[in-house]
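**Student:** Here's the letter readout for the chains.
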Amino acid sequence: MHVVPKETSKFLLRFGGENPFGKPNWRVIVSADRLVREAGVYRDWADGLSTTERGGLNFTPSKDVPGMNFQRYDNKPIRVVTEIREVQKYPDIEGWLLEKWWPASQYGTRDEWYSYKAADGITPMLGAYPEDGDYEFLFGPWPKIPPVSELQTFISAYSAQIANKRGTPESRAREYMLRFEYLRLQAEEKRKTEYNAWFRDELSPMKSGSLEASRWRQELAKRVGRRSHVGIE
Amino acid sequence: MTIPHKTTWRNKSDFHNTSTTGTYLGINRTQNYVVANGVAAGGAPISLPMLRAALNRVKQSLGAGALKSQVWHTHPSQSQAYEEMGFAKQEILMSSGKMPGFDGLTPGTPSLTIAGREILENIHADQTRIDLMAFGSWGKVVWGKSPFWFKNRAGQWVFQIYDPSTGNPTANEGCYYLDMRQYFVDNPQEISSVTGLKVPVYN
Numbered sequence: 012m013h014v015v016p017k018e019t020s021k022f023l024l025r026f027g028g029e030n031p032f033g034k035p036n037w038r039v040i041v042s043a044d045r046l047v048r049e050a051g052v053y054r055d056w057a058d059g060l061s062t063t064e065r066g067g068l069n070f071t072p073s074k075d076v077p078g079m080n081f082q083r084y085d086n087k088p089i090r091v092v093t094e095i096r097e098v099q100k101y102p103d104i105e106g107w108l109l110e111k112w113w114p115a116s117q118y119g120t121r122d123e124w125y126s127y128k129a130a131d132g133i134t135p136m137l138g139a140y141p142e143d144g145d146y147e148f149l150f151g152p153w154p155k156i157p158p159v160s161e162l163q164t165f166i167s168a169y170s171a172q173i174a175n176k177r178g179t180p181e182s183r184a185r186e187y188m189l190r191f192e193y194l195r196l197q198a199e200e201k202r203k204t205e206y207n208a209w210f211r212d213e214l215s216p217m218k219s220g221s222l223e224a225s226r227w228r229q230e231l232a233k234r235v236g237r238r239s240h241v242g243i244e
Numbered sequence: 003m004t005i006p007h008k009t010t011w012r013n014k015s016d017f018h019n020t021s022t023t024g025t026y027l028g029i030n031r032t033q034n035y036v037v038a039n040g041v042a043a044g045g046a047p048i049s050l051p052m053l054r055a056a057l058n059r060v061k062q063s064l065g066a067g068a069l070k071s072q073v074w075h076t077h078p079s080q081s082q083a084y085e086e087m088g089f090a091k092q093e094i095l096m097s098s099g100k101m102p103g104f105d106g107l108t109p110g111t112p113s114l115t116i117a118g119r120e121i122l123e124n125i126h127a128d129q130t131r132i133d134l135m136a137f138g139s140w141g142k143v144v145w146g147k148s149p150f151w152f153k154n155r156a157g158q159w160v161f162q163i164y165d166p167s168t169g170n171p172t173a174n175e176g177c178y179y180l181d182m183r184q185y186f187v188d189n190p191q192e193i194s195s196v197t198g199l200k201v202p203v204y205n
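Respectively, the protein sequence lines represent chains A and B.
Residue numbering for the first sequence follows this note's numbering, starting at 12 and increasing by one per position.
Residue numbering for the second sequence follows this note's numbering, starting at 3 and increasing by one per position.
It is possible that some hints are incorrect.
To be verified - To spell it out: a stretch of chain B is covered by chain A in this simulated footprint if at least three of its residues, at any positions, have a beta carbon under 8 Å from a beta carbon of chain A; those stretches are:
1. 60–66
2. 77–86
Stated by the list, open to error - Each computed EDC-like pair below joins lysine to aspartate or glutamate, with the alpha-carbon atoms no more than 16 Å apart:
3. B:LYS153 to B:ASP181
4. A:LYS34 to A:ASP143
5. A:LYS176 to B:GLU85
6. A:LYS218 to B:GLU175
7. A:LYS21 to A:GLU161
8. B:LYS70 to A:ASP103
9. A:LYS176 to A:GLU186
10. B:LYS200 to A:GLU181
11. A:LYS87 to A:GLU64
12. B:LYS70 to A:GLU105
13. B:LYS200 to B:ASP128
14. B:LYS142 to B:ASP181
15. A:LYS176 to B:GLU86
16. A:LYS34 to A:GLU142
17. A:LYS155 to A:GLU105
18. B:LYS200 to B:GLU120
19. A:LYS34 to A:ASP145
20. B:LYS70 to B:ASP128
As the list claims (entries may be wrong) - With beta-carbon atoms standing in for the labels, derived distance ranges:
21. A:GLN229 to B:PHE152: 25 to 31 Å
22. A:GLU230 to B:GLY24: 54 to 60 Å
23. A:GLU230 to B:GLY138: 54 to 60 Å
Just so you know, these hints were derived from the structure itself, not from any lab.
Quantities reported herein were computed from a predicted structural model and do not represent experimental measurements.
By construction, the Cβ of each residue, glycine as well, lies at the ideal position given by its N, Cα and C atoms.
With the sequences and hints as input, model every part of the structure.
**Tutor:** As C-alpha cells, this is what we get:
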C-alpha cells in the first residue's frame, strides 16, 4: 500500500472539496492499490499460460497448402469457483492515478446494478451497490506522484470543461456528429482526388477493352488521321 | 481442423458474437469457448455498470491478466453519450510548454478514454453497441497476394459485361477488387461488448 503525502491529501481536500460523506471529491492513488470487491464465477488458470492458451484456439500454418490449421488448447482451468474477490479495478494500468468521486446516482439504480449476472446467471457480478458513490479514474497514470501544481491544473481543466459546456446535451451531440461528418467529407474528398488521379493514369479508355472505349479510340484515330485499327495501348 | 476457405467473415465482426447458436469456424456455438463475452443493454442508454460488467466478464473468464491491451470501438454517438456523463477526460498534452495545434473542431486530439482504455471512434460502427477489441488475439490468413484489381486475359481492369444467356455484350462495364485475407480471433473469450444500446438523440 502506497502512502499519499499529507500535503497532497490536504491540498486535494482544500482545492477539490469534499463529498456529502466527508470524503474528498478528488484523490490520488496507485493503480495496484485500487481494489474493488466483485463477485462472479472465476476460472483460475495455471501461471505462465498466455491468454490464447487459456482455452483458446491454436492456429498453425498448413504445411503443403495455403491456409491455417487450428485446434483447441487442451489446458483447463485449475479451478472454477463462485465467490467474491477483491480485485484490481484497473488491472491494465500502472502508476499513480487521479480519481474523482461520483454519487451513487451515476451508477444507475440498485436493480440495474444487480441485474448484471455472472456466467452462472445468478451471481450479481458487480459486487455491492456503491451506496456512497465511488471514485473513477480521470487522469494519469504517472510513474511518480504528481506535484500539487499539476493536480491543480488537471482538476481546474476538468472543472472548467464541465462548467463551460455550451448548449444542451442534444445540441452537443449534434455538434459532435457534425464534426465527424466534416471529417468524413474531407476523407471522401481526398479519396475522390486520389481515385480521379488513378483513374486518369490507369483506367484511361486507351487501356480499356469496352465497346465504348473502342469507339472513342477509333474517333480519336480518325481525328489525327490514322486509318489503321487502334487497339489497346 | 482447417480454416474454411470462404469470404463471409472478411470485414465482419463475427467473432464479436455472443450468440449460442450457429457455428464459428465450424465449431458449434453451444461450446462456450467460441462465444464472445457480452452484456445486453436492452435498449438502455450507455452507463458505467454495463461497461464494467463487459470488462468483468473477460476478467472472470481468463483472469485479470487478460485485460491488457483491449480498446473500445464504437460509433461517435456512443462515445459522445459517454462523454456527456462526465466520466471521460479531455486532456491536451503539452510538449515543451507549448500547446499543440488544437483547432477545437476536429476530434482525435485529445482522444477519449474509458477508465484509461482508448476509444476508437468509427463513423461506420454500429450505433447500438460498443465493442472491447483485443487486436492481439486477431490473426490473419493470407491466401495470396492481395488486394488487387482483377485483370482479364487481355489485361483489362474494366471490361465489358456479357449477358450470360445470350452471350451478347451489355451496356455495363465491370471490375473486380480481390482481397484474399481472412481474419480470425484465437480466443473469443478475450473480447467483450455491450449490445442493444439506445441510440442517443440527434443521431
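**Student:** Take the hints in turn and mark each one as holding or not.
**Tutor:** Here's how the hints hold up against the structure:
1. Check result for the segment 60–66 of chain B against chain A: holds, 6 residues qualifying (beta carbon to beta carbon below 8 Å, three or more required).
2. Only when three residues or more bring their CB closer than 8 Å to a CB of chain A does the claim for the segment 77–86 of chain B stand; here the count is 6, and the claim holds.
3. For a cut-off of 16 Å, the pair hint linking LYS153 (chain B) to ASP181 (chain B) stands: about 14 Å separates their Cα positions.
4. Restraint check for LYS34 (chain A) and ASP143 (chain A): satisfied, since their Cα atoms lie roughly 10 Å apart, inside the 16 Å limit.
5. For the suggested pair LYS176 (chain A) and GLU85 (chain B), the alpha carbons sit about 11 Å apart, so the restraint of at most 16 Å is met.
6. Distance hint between LYS218 (chain A) and GLU175 (chain B) is fulfilled; the C-alpha atoms sit about 14 Å from each other, no more than 16 Å.
7. The hinted pair formed by LYS21 (chain A) and GLU161 (chain A) meets the criterion: a straight-line CA distance of about 15 Å does not exceed 16 Å.
8. Annotation: proposed proximity of LYS70 (chain B) to ASP103 (chain A) holds, straight-line Cα distance about 5 Å (limit 16 Å).
9. Note on LYS176 (chain A) and GLU186 (chain A): the hinted pairing holds, with a Cα-Cα distance of about 12 Å set against a maximum of 16 Å.
10. Our distance criterion of 16 Å between C-alpha atoms is met by LYS200 (chain B) and GLU181 (chain A), whose separation comes to about 14 Å.
11. At most 16 Å may separate the alpha-carbon atoms for a hinted pair to count; LYS87 (chain A) and GLU64 (chain A) meet this at roughly 9 Å.
12. Distance restraint check for LYS70 (chain B) and GLU105 (chain A): the Cα-Cα separation of roughly 11 Å lies within the 16 Å cut-off, and the hinted pair is therefore satisfied.
13. Under the criterion of a C-alpha separation no larger than 16 Å, the hint pairing LYS200 (chain B) with ASP128 (chain B) is consistent with the structure, at around 11 Å.
14. The straight-line distance between the Cα atoms of LYS142 (chain B) and ASP181 (chain B) is roughly 12 Å, inside the 16 Å bound, and the hint therefore holds.
15. Restraint check: the Cα-Cα separation between LYS176 (chain A) and GLU86 (chain B) comes to about 10 Å, which is no more than 16 Å; the hinted pair holds.
16. The hinted pair formed by LYS34 (chain A) and GLU142 (chain A) meets the criterion: a straight-line CA distance of about 14 Å does not exceed 16 Å.
17. Simply put, LYS155 (chain A) and GLU105 (chain A) have alpha-carbon atoms about 11 Å apart, close enough for the 16 Å limit, and the pair holds.
18. Using a Cα cut-off of 16 Å, the hinted pair LYS200 (chain B) and GLU120 (chain B) is violated, with the two alpha carbons roughly 21 Å apart.
19. The straight-line distance between the Cα atoms of LYS34 (chain A) and ASP145 (chain A) is roughly 11 Å, inside the 16 Å bound, and the hint therefore holds.
20. At roughly 24 Å between alpha-carbon atoms, LYS70 (chain B) and ASP128 (chain B) are farther apart than 16 Å, so this suggested pair is violated.
21. Between GLN229 (chain A) and PHE152 (chain B) the Cβ separation comes to about 26 Å, which falls inside the hinted range of 25 to 31 Å.
22. Between GLU230 (chain A) and GLY24 (chain B) the C-beta distance comes to about 56 Å, which sits within the given range of 54 to 60 Å.
23. The hint said 54 to 60 Å for the Cβ distance between GLU230 (chain A) and GLY138 (chain B), and at roughly 58 Å that hint holds.
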